[in-house]
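Chemist: If you read the protein sequences in the order shown, they are chains A and B. So in numbering that gives the first Met the number 0, spot 640 of the first sequence is number 639, and the numbers just go up one at a time. So in numbering that gives the first Met the number 0, spot 518 of the second sequence is number 517, and the numbers just go up one at a time.
Treat the hints with caution; some may be incorrect.
A pair holds if it fits inside one copy or across any two, identical chains being indistinguishable in the list.
[Said to hold, decoys possible] 30 Å max Cα-Cα, derived DSSO-like pairs, lysine-lysine:
#1 K522 <-> K607
#2 K607 <-> K514
#3 K130 <-> K607
#4 K522 <-> K274
#5 K274 <-> K514
#6 K34 <-> K522
These are computed hints drawn from the structure, not numbers from a lab.
What follows is the residue order along each chain.
Number of protein chains: 2
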Amino acid sequence: MSSPTPLEPADAGIIREVLDGRWRETRERARELAKDPRFAVEVGEGTETQRARVLERMGALAELGYSKLGFPTRYGGSNDIGASITGFEMLAMGDLSLLVKAGVQWGLFGGAILHLGTERHHAAYLPAVVKLELLGCFAMTESGHGSDVANLRTTATFDQDADEFVINTPGVSARKEYIGNAARDGRLAVVFAQLMTGAESQGVHAFVVPIRDATGAALPGVRIEDCGLKAGLNGVDNGRLSFDHVRIPRDNLLNRYSDVARDGTYTTLIDNQTKRFFTMLGTLVQGRISVAGGAGSATKVALTIAIRYGDSRRQFAGPDGAEIPVLDYLAHQRKLLPALAKSYALHFAQLELVAGLHETTPDLDAPLDELPAEHPDRRELEARAAGVKAIATWHATSTIQTCREACGGAGYLAVNRLPGLKADTDVFTTFEGDNTVLLQLVAKELLTGYRDHFGELDMMGTARFVADQAVETVVERVGGRRLLQRLRDAAPSNSEDGTIFDHDWQIDIFTWREKHLLETLAKRLRRAASADDPFAVFNAAQDHLLAAARAHIDNVLLAAFVHGIENMPAGPEHELLVALCDLFALSTIEADRGWIWEHGRLTAARSKSLIAAVNGLCAALRPHARTLVDAFEVPDAAISAPIAWPEDAATSA
Amino acid sequence: MSSPTPLEPADAGIIREVLDGRWRETRERARELAKDPRFAVEVGEGTETQRARVLERMGALAELGYSKLGFPTRYGGSNDIGASITGFEMLAMGDLSLLVKAGVQWGLFGGAILHLGTERHHAAYLPAVVKLELLGCFAMTESGHGSDVANLRTTATFDQDADEFVINTPGVSARKEYIGNAARDGRLAVVFAQLMTGAESQGVHAFVVPIRDATGAALPGVRIEDCGLKAGLNGVDNGRLSFDHVRIPRDNLLNRYSDVARDGTYTTLIDNQTKRFFTMLGTLVQGRISVAGGAGSATKVALTIAIRYGDSRRQFAGPDGAEIPVLDYLAHQRKLLPALAKSYALHFAQLELVAGLHETTPDLDAPLDELPAEHPDRRELEARAAGVKAIATWHATSTIQTCREACGGAGYLAVNRLPGLKADTDVFTTFEGDNTVLLQLVAKELLTGYRDHFGELDMMGTARFVADQAVETVVERVGGRRLLQRLRDAAPSNSEDGTIFDHDWQIDIFTWREKHLLETLAKRLRRAASADDPFAVFNAAQDHLLAAARAHIDNVLLAAFVHGIENMPAGPEHELLVALCDLFALSTIEADRGWIWEHGRLTAARSKSLIAAVNGLCAALRPHARTLVDAFEVPDAAISAPIAWPEDAATSA
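Isolated chain A (complex conformation):
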């Protein structure tokens, strides 16, 4: 068994600077905000009290200018997408209902008006949206169609005589479902509906539909129901919306990509209906990146609490009679430290997503005219955002659960925050795209990229099934070879060639795994084109397809981790993060070692040495666990769990 040399004490502040990255000022500002007693963590409030408080907090965010970041300057914004997403991410360390309501209001509702509307909508709504004088909903999901939103059933039929659209809900399954801001506060909704001109369907478009009058009463024809109690996020007023032939002016079509003229003529910048739909959805990629970031922050809070507790909580006496801190036990380290390493990997991947979004989003202050040329990296970014969202939110769900258990009975008390973190983030794996569906989207992009790179495979018949389950456009893949080269350049080996601590070996395993999964997947799906039952062929390969997507995102995470630490100055902080990166890489390989062996890339001896290496890294990193969570610099107000402050308990003992 080989293990790294002992690690020197490191400075959490130096690591924090690396983690804070490009929008560090936004982070510092958010840490200041957390000190404001208006944003203190509360537990045990009833639903209506919580909703009222969250609305007050929304007002405070608007007052402090938080809502401006992602909007054009001329409508009261400050045109900084990167800061906007970073601020959102930081908000997730505190009140997660506030996070989600802010996301609904400024990300989804405001974002839809911004990205799908034109000047007339921007001028009419955005200033009030930013100032929170106008609250609104993003009404896409229906009871019967959540993942498959291209087939939603609400209709918007153009009535040429009246120059109006008629919005209608044809049945229970077409109700707009789980809509934030609907049950209590929203006045308008951006409603996604099948646009009908004459007898012709033009596919899904977005419409601005008033739902409440100035007194808060539902408007005629609009039925609003409350979704009631949820597992968490009860400060968000989710509701259901149904429309009984509700009439809106023709101008309420958000006409960035398509329009209907006075005479009923339909025009569009994107002729292909599927492509048009995915382009519309693509403008909303911001939501997925935001959810991934929010999941990451909540996970950091949970890890901070559990590691502080594990560092001080003692149970069972050791050989010298003194009781042993529970984090000294290998089983406890195994629960928390690989999860911590993955949180770092996800953090670095998130930094890259945010920067990528910032760079590839057209300047919000530029005038709208024609459809702008798409940034060449945009489609890859969209797929990567989908994949990282899936992995980050599953990681949040499992890690917060583990932290709860690692804190024992104390972890079950609401005052210790873990129950709230778990319950509030639980639905992150579902909203902004069900994770399984999102991974299929990633795989589809990889397959398409594969075809582009390696020649003519007829994927059209087979990919139909994949395509039908995807919710975004086909994007170009980051080739495995390009990634490998970048990683090799960035991460010189820190040990002998060919050992498991050799970065080249780790990277080879990661990239080979993705490539092999993809090659064999393409072969299997190709068969579906000529199969009698193409669905059966596709379906039998679904686990294979998901494995390929996961392998790709693992690659993305490793690349981001390596990239994130490559420019750190030499010193104990760099050494510590290299060891943490090793733990991420080796624990990932360890978890999938059965598959890697089956495909000929691992001997039994090396496989066993992986387990020993992960254990050795756990032992080596254990003394630095507190430093590694301190580097997140979760605000003290967000670490409100008494179990995270053993000094206080000792004082009162």
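With chain A fixed as given, assemble chain B onto it according to the hints.
Modeler: Here is chain B on its own, set in the frame of chain A:
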């Protein structure tokens, strides 16, 4: 790839009879009880409303005679332990706060008086306990000692002059913590404390301590705090108890195993202090079996809801244009069906535990005199109960989480039950013994058994660390060879020798895995005896030790599954359960195939065929998924989730 022949339609009623087992009348009675509107599932009640309602329900249970089952006839009981545990298990399909409060009152508090007390305590308390005229607490856990209860700090000092014990809490870490019935309803507490006679400590003993007067006010010297909001189970009034030199009569010592005479002389039936402590805890094995059963019931409710929903929920169109039920997708089957198979395995293991407890518990109606001879199977049962409790509760946590995600946004709504099931059962992995600690206990028993069977290994120095973390006595192991033979007798192969569907091969893998883990573990721990740092040697092997315990419980589950179906008449129901048993066995092997290969028992070709076989079994079982959950016969009132009743939604559409 081999796959089983298609399965014929099966009758859920026939399977239900097999599952209901020996105490089927108790189950039928519980299903009737669920129809009583007093026990209807409620969501969204505030804590105090919920506590009041749960207390009312406790009264109804007592009125209906549910509380009698586990007590002696002469004190108002009906002396049927098996029925008592089975009734408790069924209760877990409904109100889980009621379940836990019933467990505290009649299982822990009543059970402690019954098993640790003598006639004078029985006569004084049991009739009122059974009738719910007296509510009480089981005050063992302290803030500073949860798993390591042998070292709790509360003291009970005998004052010979006054002929009293003085109960005292020496500091914050000695507060009794998370105590059910403490915050609101309890009048008495069974308090576990270090018994001091003169300057001498006699170890932990149990004392009856009044905590509230008839008006409900805390008695002098007793401090009661409310634990406040929890993740779930908010109908249970958990609190903290501290005692400031509270005096109780000498007779309040529960003196089944030890006593203090008027002159302060300490006498005991069990001289060894450690053995005495573990014997006291051993009488409480019932609690662990009850928790395992409760976890199983909650999991069955979740699987019933998710499978009914997955069977009817459609998303994305197939080749013929019709939308596909989500349970037709392999990824969805992979989420739910192996979990369903494991739930069956756990159910059969639970039937055996309950019967074992019933058989090995001395007749409650027999008079107490000397310490009765221990039933030869009792110690094995205690360790098996600990292991099954750990695996069953982790299975509940992961499966209910999976069901929530499998139901998408609908799964996040409280009305669909999954949030409550998740939140209420979450702490099951912690209470009645932290799962990781319990698995260590199992491993310790296996090691001791190993020594007994295979000769003299000096485990004393090394086992000290294991022993210090265990909370029960050393028990004899069920030998791997005995289990293997029983399995071979019970399960004739249903396919060619040596294929993965060959039961002999599956059983060989399971038993060899346990044996190999155990042999190598014994060698590693032996080294600890002569090591400079024995803790380091033990700690480095902790994951190995936990793996051995898991492998043993996997064996127990497979044996129980095979045993459970061996006497079924031939027919489609038997065929269906054989396929489900294959899915349990093969998905368990698949999950650990990396380790099995590393130790030389799997070729790459066979390993890949395992994956294909699990996929094939998922496809074969999918049409019968509804039958398999119908066979649980969860009462309709407990399947209160609207998503589980698609017919109703269709009617209202």
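Chemist: Are the CA atoms of K274 and K514 at most 30 Å apart within a copy, between copies, both, or neither?
Modeler: For K274 and K514, the Cα distance is within 30 Å only inside one copy (28 Å; across copies 58 Å).
Chemist: Reference check for the pair K607 and K514, CA-CA at most 30 Å: within, between, both, or neither?
Modeler: both (24 Å within a copy, 18 Å between copies)
Chemist: Is it within, between, both, or neither for K130 and K607, if the alpha carbons may be no more than 30 Å apart?
Modeler: Answer is neither: 59 Å inside a copy and 58 Å across each miss the 30 Å cutoff.
Chemist: One pair to classify: K34 and K522, alpha carbons no more than 30 Å apart. Within, between, both, or neither?
Modeler: So K34 and K522 fail the 30 Å test inside a copy (56 Å) and across (55 Å) alike.
Chemist: Checking an output row: K522 and K274, CA cutoff 30 Å. Within, between, both or neither?
Modeler: Answer is within: at 26 Å inside a copy they meet the 30 Å cutoff, but 63 Å across does not.
Chemist: Check K522 against K607 for me: Cα-Cα at most 30 Å, and say if that holds within a copy, between copies, both or neither.
Modeler: Between. Shortest inter-copy distance 17 Å satisfies the 30 Å Cα cut-off; intra-copy 32 Å does not.
Hint compliance for this structure: hints 3 and 6 are broken, all remaining hints hold.
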